[in-house]
Amino acid sequence: MHERRKSWPLFPPQCDSGWRPLADVFRTRDGWLLKFDLAGVGHDDVTVSIRGRLVTVAGQRRDAIVEEGFSHYSMEITYSRFERTIEMPCSLENARVAVEARDGFLLVRMVDEGKEEENA
Amino acid sequence: MASCWFVWWMKGKKKKMPETKDIQTLPLLPLKNTVLFPYLLMPLSVGRESSRAAVEAALGTEEKEIVVFAQRDPSVETPKLEDLYTVGTRAIIRKMNRSQNGALELLVLGMERVVLIRVDESEPFLRARVRPLPLPEDRSAEVEALQGALAELATTAISLAQPGSQQEVAKLLSTSNEDPLRLAFLLASMFSLDLEKEQSLLEADSRVEALRRMHTYLAHEVQVLELRNKIASEARNEMTKEQRDYLLRQQMRAIQQELGENGGEQAEAEQLRERLDKADLPEEIRKEADRELSRLEKLPSQAPDFHVIRTWLEYVLDLPWNVRTEDNLDIAHAREVLDEDHFNLKEVKERILEHLGVLRLNPNAKAPILCFVGPPGVGKTSLGQSIARALNRKFERMSLGGLHDEAELRGHRRTYIGAMPGRLIQAMRRAGANNAVLMLDEVDKIGHDFRGDPAHALLEILDPEQNKNFRDNYLDLPFDLSRVLFVCTANALDTVPRPLLDRMEILRLSGYSEEEKVQIARRFLIPRQLKEAGLSAEQCVLTDEALRKIISGYTREAGLRRLERAIGRVTRKIALRFAEGKTEPVTMTPEDVTEMLGPEPFTQEEMRRDVPPGVATGLAWTETGGDVLYIEATLLPDGKGLTLTGQLGEVMQESVKAAQSYIWAHAPDFGIDPKVFKHSGVHVHVPAGAIPKDGPSAGVTMATALTSLYTNLPARNDTAMTGEITLTGLVLPIGGVKEKVLAARRAGIKRVVLPKANQKDIRDVPEEARNEMEFIFAERIEDVLRALIPQLTERLKLVRNRPIDNAA
Numbered sequence: 001m002h003e004r005r006k007s008w009p010l011f012p013p014q015c016d017s018g019w020r021p022l023a024d025v026f027r028t029r030d031g032w033l034l035k036f037d038l039a040g041v042g043h044d045d046v047t048v049s050i051r052g053r054l055v056t057v058a059g060q061r062r063d064a065i066v067e068e069g070f071s072h073y074s075m076e077i078t079y080s081r082f083e084r085t086i087e088m089p090c091s092l093e094n095a096r097v098a099v100e101a102r103d104g105f106l107l108v109r110m111v112d113e114g115k116e117e118e119n120a
Numbered sequence: 001m002a003s004c005w006f007v008w009w010m011k012g013k014k015k016k017m018p019e020t021k022d023i024q025t026l027p028l029l030p031l032k033n034t035v036l037f038p039y040l041l042m043p044l045s046v047g048r049e050s051s052r053a054a055v056e057a058a059l060g061t062e063e064k065e066i067v068v069f070a071q072r073d074p075s076v077e078t079p080k081l082e083d084l085y086t087v088g089t090r091a092i093i094r095k096m097n098r099s100q101n102g103a104l105e106l107l108v109l110g111m112e113r114v115v116l117i118r119v120d121e122s123e124p125f126l127r128a129r130v131r132p133l134p135l136p137e138d139r140s141a142e143v144e145a146l147q148g149a150l151a152e153l154a155t156t157a158i159s160l161a162q163p164g165s166q167q168e169v170a171k172l173l174s175t176s177n178e179d180p181l182r183l184a185f186l187l188a189s190m191f192s193l194d195l196e197k198e199q200s201l202l203e204a205d206s207r208v209e210a211l212r213r214m215h216t217y218l219a220h221e222v223q224v225l226e227l228r229n230k231i232a233s234e235a236r237n238e239m240t241k242e243q244r245d246y247l248l249r250q251q252m253r254a255i256q257q258e259l260g261e262n263g264g265e266q267a268e269a270e271q272l273r274e275r276l277d278k279a280d281l282p283e284e285i286r287k288e289a290d291r292e293l294s295r296l297e298k299l300p301s302q303a304p305d306f307h308v309i310r311t312w313l314e315y316v317l318d319l320p321w322n323v324r325t326e327d328n329l330d331i332a333h334a335r336e337v338l339d340e341d342h343f344n345l346k347e348v349k350e351r352i353l354e355h356l357g358v359l360r361l362n363p364n365a366k367a368p369i370l371c372f373v374g375p376p377g378v379g380k381t382s383l384g385q386s387i388a389r390a391l392n393r394k395f396e397r398m399s400l401g402g403l404h405d406e407a408e409l410r411g412h413r414r415t416y417i418g419a420m421p422g423r424l425i426q427a428m429r430r431a432g433a434n435n436a437v438l439m440l441d442e443v444d445k446i447g448h449d450f451r452g453d454p455a456h457a458l459l460e461i462l463d464p465e466q467n468k469n470f471r472d473n474y475l476d477l478p479f480d481l482s483r484v485l486f487v488c489t490a491n492a493l494d495t496v497p498r499p500l501l502d503r504m505e506i507l508r509l510s511g512y513s514e515e516e517k518v519q520i521a522r523r524f525l526i527p528r529q530l531k532e533a534g535l536s537a538e539q540c541v542l543t544d545e546a547l548r549k550i551i552s553g554y555t556r557e558a559g560l561r562r563l564e565r566a567i568g569r570v571t572r573k574i575a576l577r578f579a580e581g582k583t584e585p586v587t588m589t590p591e592d593v594t595e596m597l598g599p600e601p602f603t604q605e606e607m608r609r610d611v612p613p614g615v616a617t618g619l620a621w622t623e624t625g626g627d628v629l630y631i632e633a634t635l636l637p638d639g640k641g642l643t644l645t646g647q648l649g650e651v652m653q654e655s656v657k658a659a660q661s662y663i664w665a666h667a668p669d670f671g672i673d674p675k676v677f678k679h680s681g682v683h684v685h686v687p688a689g690a691i692p693k694d695g696p697s698a699g700v701t702m703a704t705a706l707t708s709l710y711t712n713l714p715a716r717n718d719t720a721m722t723g724e725i726t727l728t729g730l731v732l733p734i735g736g737v738k739e740k741v742l743a744a745r746r747a748g749i750k751r752v753v754l755p756k757a758n759q760k761d762i763r764d765v766p767e768e769a770r771n772e773m774e775f776i777f778a779e780r781i782e783d784v785l786r787a788l789i790p791q792l793t794e795r796l797k798l799v800r801n802r803p804i805d806n807a808a
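In order, the protein sequences belong to chains A and B. So in my numbering, spot 63 of the first sequence is number 63, and the numbers just go up one at a time. So in my numbering, spot 747 of the second sequence is number 747, and the numbers just go up one at a time.
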């Protein structure tokens, strides 16, 4: 039976354009470090975009490790598209950005250009 | 793993992921009863073998993608192409778990609308070839307006469906701002629309159409919800009121228990129930009481009716419906008791003993309704008590004097606030036995006003035929009064309505003679007053002479109250002397009485010694006994007509005129000069002038006085007379013979003329008086005159023989 579970009374169904990876935000000496929990996401499948104060990480997690004869017994990891937007305290349009994957985390470093000039 | 990531970033522009792919082939999950909408996350439970296989196949891919199509008919187990709607949704399986029974629990996210092109049935599950079916970008003003309207309607619907969820709703609606379609889908899913409606929403080929459809569906939902809420709230109201009452009552009970007022109304009702069970009630009464009690049990004690019903029930329970005291039918004992309490009064005592005799032979005999008539103080009330004592019955007395409201006798209906049963039922309750002796005092003094005449209520009560089922307005139950021995008392019967009089057996207690008073004083009054004053019989001796002096000089009454008071004054004065140190016994003589009580307030109308012509001795009946009165007539040298003075009533005035007319008409026979009539007026006066007098019984006296006046022959002063006369000279009977004779005797007159018809009443006169006195019974006025004016005898013979009289 694939009856939809009754959601009445009004369990608001989630509206989503993708899942949201968890994130930590660090203040560094010269800028910011954003850490996203994005294990299993190939580098081709992720996009980092900055627009004003908003930093958006979007992409897709594919279940690459499936072979013939495997079958899911249960599935908790969410595959498919994800999207996460973090609002920063200041505009980072001019910042220098470096992206790195380490041990399942996606690290986004942002160095504020203005600050660097100040320091130098 | 230090590899270089390809990073591309843009400034000021969001990069859009490629969403819409071209034709794809994906596993197909048929869905029963519902539709998966794009943008929405939906939990699904997958049980069917083929469906499970489809899910497994989808999970085996990198993207975990699947297409979901709704089944047209939910009962089809293995749907084919034709069983499915052609528009469905491409979805991503987000989570999966296996439940105990092997079904797959999925969390599925709808991605986009697809149309079914072809189905591949070669595998154990269906594999569908689908093409995306995006909606045109029709973001017009109409869409915006529809979105606003829908959002508004949704707020209403949600607040109806789940009041208090406004915040959530606001949040929800804000997340669906981007695409109006999302709002429509969200609402459709929230309100669990029918499959057809959901599918038609999914199939809508423009946003305007989708929103319009959703608006229609939601409006319907709102209507349904409103109706449902109305029904629910009605049901809730009903229930909550009952629950509230119950809760409060429980709390009150708890409080009462805490206060030690154990039980409240429940206990009260139980108590009443217990009493009701024990009480010996007639069946009809029992039924009515049961009904009222069950009503009481349903009422809270605050209800105004509660107390009304409780009081009523208490009355019902207190009444002696079947309670009866055992009569003492020993006639000798009864006689003894009656004699002990009252002197003489033979007639009354005999009547009581008769009833006792009847009761002995027939225990169910109806009780007589007696009425004692007599002047005040002759012992009517105490006689009632003594009857009860003789019969060994309960005694209750109620005074009807001044009673003017019929409701006081028969009670008020229960609907009135403060309603009470009538005095009669109250008396029965006090008596506690339905064969009590009930004394209705002063029936002649019942008043009446616009509210009705209580005497008429008495008619029912005193009728042995009707009072078996006496209904009090308050009780509204028939109470049997037929065993009650009613004893009424009255001073005079003039004011008692005839129908009432008719129902009662009248027993007259006329005034006591001096001799009787002496006896009563000796037996009852003196011992009682001595006891009151704390004296012994030896300390104070009243001689007969002294007693007679008190009776005649200090009291003038038919009864004994003043006599008792006078004796009381004497004994108190003697007690004072003893208290001041006197030790020798006192013997009271008439002189001592004068000394103690002061000058005599009453002087007897003594027999007049020298009586001039025109004066005759009459006898009058008063409420306090009899009296001697002298009628004085005198000729006026001038003027004409008749002057009457002395507060004479109309009847008395008429009787004077009748007497005068008779004498005028027969003047020649009496040897009266007619000139006297023509030339002089007559004045008739009856002393004492301040006392009103009325009645016809002075007729013969008037005639005698006038005859004496006109003939100038004095009437005998040792003879008193009474009787009514007619215009033809007949003497008619009068009442109060005993009192009148005794009054004459008191005044020292030993000869009395009475109407012939009253000869039988002589028996009432105490024997000693009877023996002392001479009675002359007159049939006609001539007989009277013959006895009074001996000189007229010769002339009267002539009158007698006149033919005209015989003819009359």
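Derived from the structure by calculation, the hints contain no laboratory data. Treat the hints with care, since some could be wrong.
Claimed, not checked - SDA-like, lysine to any residue: derived pairs with alpha carbons at most 25 angstroms apart:
id, chain 1, residue 1, chain 2, residue 2
1, B, K95, A, L33
2, B, K95, A, I77
3, B, K95, A, G104
4, B, K95, A, C90
5, B, K95, A, Q60
6, B, K95, A, T28
7, A, K35, A, Q60
8, B, K95, A, G52
9, B, K95, A, G31
10, B, K95, A, A98
Said to hold, decoys possible - Not the full set, but computed from the structure, chain A residues with beta-carbon under 7 angstroms of chain B:
id, residue
11, D63
12, H72
13, S91
Bear in mind that the values here come from a model prediction, so they are computed numbers and not experimental data. Where a beta carbon is used, it is the ideal one built from N, C-alpha and C, also for glycine.
Here is how each hint holds up against the structure:
Distance hint between K95(B) and L33(A) is unfulfilled; the C-alpha atoms sit about 30 angstroms from each other, more than 25 angstroms. For the suggested pair K95(B) and I77(A), the alpha carbons sit about 7 angstroms apart, so the restraint of at most 25 angstroms is met. Note on K95(B) and G104(A): the hinted pairing holds, with a Cα-Cα distance of about 20 angstroms set against a maximum of 25 angstroms. At roughly 36 angstroms between alpha-carbon atoms, K95(B) and C90(A) are farther apart than 25 angstroms, so this suggested pair is violated.
This hinted pair checks out: K95(B) and Q60(A) have alpha carbons roughly 15 angstroms apart, not beyond 25 angstroms. Under the criterion of a C-alpha separation no larger than 25 angstroms, the hint pairing K95(B) with T28(A) is inconsistent with the structure, at around 36 angstroms. For the hint pairing K35(A) with Q60(A), the CA-to-CA distance comes to about 17 angstroms; that is within 25 angstroms, so the pair holds. With a C-alpha separation of about 34 angstroms, the suggested pairing of K95(B) with G52(A) is violated against the 25 angstroms cut-off.
At roughly 37 angstroms between alpha-carbon atoms, K95(B) and G31(A) are farther apart than 25 angstroms, so this suggested pair is violated. For the hint pairing K95(B) with A98(A), the CA-to-CA distance comes to about 32 angstroms; that exceeds 25 angstroms, so the pair is violated. At its closest, the beta carbon of D63(A) sits 5 angstroms from a beta carbon of chain B; the interface hint therefore holds under the 7 angstroms criterion. Because the beta carbon of H72(A) sits about 4 angstroms from the nearest beta carbon in chain B, less than 7 angstroms, this interface hint is met.
Using the Cβ-Cβ criterion of 7 angstroms, the hint placing S91(A) at the interface with chain B is not satisfied: the shortest such distance is roughly 11 angstroms.
Hint violations for this structure: numbers 1, 4, 6, 8, 9, 10 and 13, all remaining hints satisfied.
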